[in-house]
Amino acid sequence: MTRQVRSVSVPHLAGLWALALLSKAADAAYALNFQEPATLIAKEIYNLNMWMMEICVTIFILVFGVMLYSIIRHRKSAGGKPALFHENTKIEILWTVIPIAILIAVAWPVTKTLLAMRDSSNADITIKVTGYQWKWGYDYLKGEGAGIKFMSILATPQAQLDGKAPREENYLLQVDNHMVVPVNKKVRILTTSNDVIHSWYVPALAIQQDAMPGFIRDAWFRADREGIFRGQCAQLCGKGHGYMPIVVEVVPEEKYAAWVAEQRKKMATGAEDQNKVWQLAELIQHGEAVYTKNCVACHQADGKGIPSVFPALDGSKIATGAKIGHIKTVLSGRPGTAMAAFGPQLSDTDIAAVITYERNAWSNKSGDAIQPSEVKAERR
Amino acid sequence: MQKSANGQAQTEAHGHRPEGLRRWLTTTNHKDIGTLYLWFSFTMFIVGGIMALIIRAELFQPGLQLIEPERYNQIVTLHGLIMVFGAIMPAFVGFANWMIPLQIGASDMAFGRLNNWSFWLLIPASLLLVTSLFVPGGAAGVGWTLYPPLSIQMGMGMDLAIFSVHILGISSILGSINIITTVLNLRAPGMTMLKMPMFAWTWLITAFLIIAVMPVFAGAVTMLLTDRHFGTSFFSAAGGGDPVLYQHVFWFFGHPEVYIVILPGFGIISHVIPAFSRKPLFGYTSMVYATASIAILSFFVWGHHMFTSGMPVAGQIFYMYATMLIAVPTGVKVFNWTATMWRGALTFETPMLFAIGFIFLFVMGGFSGLVLAMTAVDVQMHNTYYVVAHFHYTMVAGALFSAFAAVYYWLPKWTGHMYSEMLGKVHFWLTMIFFNMTFFVQHFLGLAGMPRRIPDYALQFADFNAISSIGAFGLGLSQLLFLYIVITCIKGGPKAEAKPWDGAEGLEWEVASPAPYHTWETQPVIK
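One line per chain: the protein sequences are A and B, in this order. Residue 291 in my numbering sits at position 291 of the first sequence, with consecutive numbering throughout. Residue 441 in my numbering sits at position 441 of the second sequence, with consecutive numbering throughout.
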C-alpha cells in the first residue's frame, strides 16, 4: 500500500484474520484488501474500512474471549456447577448503551466522507457513460474534449475466452477504447443505460454507480496519480454481464490534450466516410468486424443464434427479405426483447456494412450492398 | 378429554389413520406435516446445493468449462430462490409444526386442513421453479431479486418463476396465520405470553413479518407480469415508470425476509444454549424485546440494498443509521447467549456445537453487515463477492447451523432413538471447516473488486476461487453424512428417554420419546 494509507495495526488483524499467516507464505496474487486507492475519497474509504475492521476485531476478541473462558473453565467435566442467575439490569443497560456509543463514533466520519462523495459540483470534465448490453458508451459532454464519443468493447480475444490461447494478465479486463482523463482534474460521471440496469464500477476510483435506463445518476472522481484502472459491470445485465469491463486511463494534461486532438481527427474522417459509395466486398469486410463486436454475443458467429433465446440470422425472414425491414430492425431494435436499437450506437457506415454482411454471409447470398445513405434516409 | 379407561380407549380409536400414501396426502396431524415440511426442505436443500456446486465448479478456474453464461445466470437465480423459499423457510415451518404445539401444550395446530394445504402448495410451486430450467429459453436468468428491465426481457421461465413466487407466498401466509392463531389461542392454561418458550416467541414475530411482507412481494411480481404481457409500464421509463420503483418494493419485502429466515433460528439457539449450559436463559425478557425491535427495525432499512441505485444523500444517511441501529438488539442477543454460558456447567453435544458455531459465524456475518451498512464503504463492496460472503455467513451459518442444531436437539424426541454423537460431531466439524473455506476467502475476492454473478473472471481472482470451490464440494459432500446420521437414527439406535438432555427445559420433554401421534389431549397447567 502507499504511504498515504494509514498503517494497519498488525496484532489486531492477526487475531481474526487467521489467513494473514497464510498470505505471508503465499505470493502477491493473494490480494487481501481493496485495490490501491487512486483518489482521496478512495483512501478515506480504505481507512474507514480498516478502522471499522479494528473495532470489529476488538469486540470479537472480547466477546469470544469471554465465551472461550466459559467453554474452558465452566465445562461440566471440569466440575462446573451451574449458577442460577438469569438477569442483571445494570449489565443489560450497559451492553445496550456502549454499542450505541460506538456506532455514533463510527457514523460521524462515514457521514463526512459520504457527503464529500456526493458533492459532484464544479467538475472540470463531464462524461456521460451509457450502459449497453454488453458494452459501454462514453460521451464527453463538458470541459476539454467535449464532443468526443465512442464505444468501449471487450478486447480479450475469443481464443483466450475459449481457453485455446494462453490468458494474458488482464484477461477479461481489456477494452478497445479506454476512457481517457487527465490527472488531478475533477471528472463528473453521468450514468444512464440503453436497455437494462448496468453498474459502472471502478474499485481504485471508489465509484460504483448504477446505470438506469431512462434516468441519469452521477458520481465523480479526481485521480491523484496516473495509471490504468480497471473495473467491471457490477449489476447482472444478462448473458454478457461478465464481459463488459471498464478501463479508465489517467494521463498527464499534455497527453490528454494530444489524445483529444487525435479523437477529433478520427471523428472528422468518420464523417467523410458517410458520403462515400462503397463496394460490396469493402462493406462485407467492414461489416464482419462490426458484427463481431456488436452482434456475435447473441446471434453467434455462425448466424444461428441460440434456439428459442436469440433468433438465427442465417436464412431468417428479415435477413433475406426486403432491405428496408432489415434496416429498420437494426436501427430501432425490437422493444421488449434483448434486440437493442443500434441507431444511436453505430454510424450509418457501420450499420450499412453490418446489414450488408448479414445479407451475404452464411447461406444468405442476396448480393445486396447497402450504402450509408440508405441508412441515413431511414433515420428519423 | 378425561383420562379414564374409557377415554384411553377413545384415544386409541383416534389413533387410527390411513396408512401409506393416503396418510401423508390427507394428514392434518401437526407431526406428520412437520415431517413432510422437513423432508421437503432437505430435498430442496440438496437441489439448491447441487446448483451451488455447479456454480462453484464453473468458477473453479478462469474460462468457461461447464455451462454457458445464460445457463449460469439461470442457475444462480434458481439457487437463490430455492434455498430461500424451498429450503430455509420450509425447514423452520417444519420445526414450528412439530415443536410449537408440543412446547405450548396444544394438541395440534389451530387449523389442521389449512396446515395440510399450506404444505402441499409447496410441491407445485417448487416444480414450477425447477422445471422452468427445461422450458424454451430456460429459467429466469436475472438473480433472485428479479430486477426489471432484465426480467422483462426473459422468456416464459420468468412467468413460471412469478407464479411460483405467488404460490410460495400463499403457502407461507397460510402457515403464518396458523402459527399466530395457535400461539395466541392454544397455549396451556397458565402459560402467559412472557412464560412462552423463545422458539414460539420468535416464530410469532416472524409470522407477523411474513404476513406483512409476502403480499408486497406478490404485488411486485404481479406488476412484473403485467409489464411483461399486458402493456403496463410500472417499471419502464419509456412508459412513465421507474425500474427503481421495483427495487424499493422488492426490498421492502426483501429486508424483512432476511429476518424471517433468521429469527426462528435465534429462538432455537435460545433453547439449545441454556440446555447444554444447564442454566436458565439469561435475559429472557430482553430477548423478547430484542427480537421485536429487530423485526420492527427491519421495515426501515431496505434502502441499504440500493446505495448504488441512486438516491438522495439524505436517504443514504437515513438508511445507514437505521441499519447500524440493528446491531444494538442483535448485540444484546449475542451478549445474552454468552452470559447464559457464563458459569454454567457446559457439555458439548452436537446441538451445542452447532449453536456455538452459529454464534461464532453469525457474529462475523453481522460485522461484515456493519461494514456494508456504511454507505461510503458499501459503494466499494456493493455487488461484489464481499456481499456474497456476508449473506452466506448470515444465511448458511445463521439459518442452516441453527436448523442443524434443532434437528440434533429434537431428533431423539421425533424418532425415539439417540443419533450417533460421534458422527454428529464429525458432521459439525466438517461443516464448520468447509463452510469457512468456501466463504471466508470470498471476502478477499470482494475487497479486490470481483463482481458477483459473473461466470468467468480475471486471473487475479483465480486462487481464492479455487479454494472456495474445493471448500464448497467438501461442504456439499459433508451433508450426505448428515442424511446418513438421520436415517440411521430413524431406523434404530439407543432408546431415547422422554428427556434425553438433562439440562433441557420445556413441555416438549414431558411427553414420551418418540412423541405419540396425539399429544397434550389434556392440556397441562403451568404454575
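Among the hints, a few may not be true.
[Said to hold, decoys possible] Not the full set, but computed from the structure, chain B residues with beta-carbon under 7 Å of chain A:
1. Glu-70
2. Pro-136
3. Thr-347
4. Ile-454
[Unchecked claim] No farther apart than 27 Å at their CA atoms in a straight line, the calculated lysine-lysine pairs in the BS3-like style are these:
5. B:Lys-495 - A:Lys-76
6. A:Lys-265 - A:Lys-276
7. B:Lys-425 - A:Lys-81
8. A:Lys-81 - B:Lys-491
Simulated from the structure, these hints should not be mistaken for laboratory data. What you are looking at is a predicted structure, and each value in this text was computed from that prediction instead of being measured. Glycine included, every Cβ here is placed at the ideal spot set by N, Cα and C.
Hint check results:
1. Glu-70: For Glu-70 (chain B), the interface hint holds, since the closest Cβ of chain A sits about 4 Å away, which is under 7 Å.
2. Pro-136: 4 Å, holds
3. Thr-347: 5 Å, holds
4. Ile-454: 3 Å, holds
5. B:Lys-495 - A:Lys-76: The hint holds at about 24 Å.
6. A:Lys-265 - A:Lys-276: 18 Å, holds
7. B:Lys-425 - A:Lys-81: Holds: Lys-425 (chain B) and Lys-81 (chain A) sit about 24 Å apart, inside 27 Å.
8. A:Lys-81 - B:Lys-491: Given that 27 Å is the threshold and the Cα spacing comes to 36 Å, the pair is violated.
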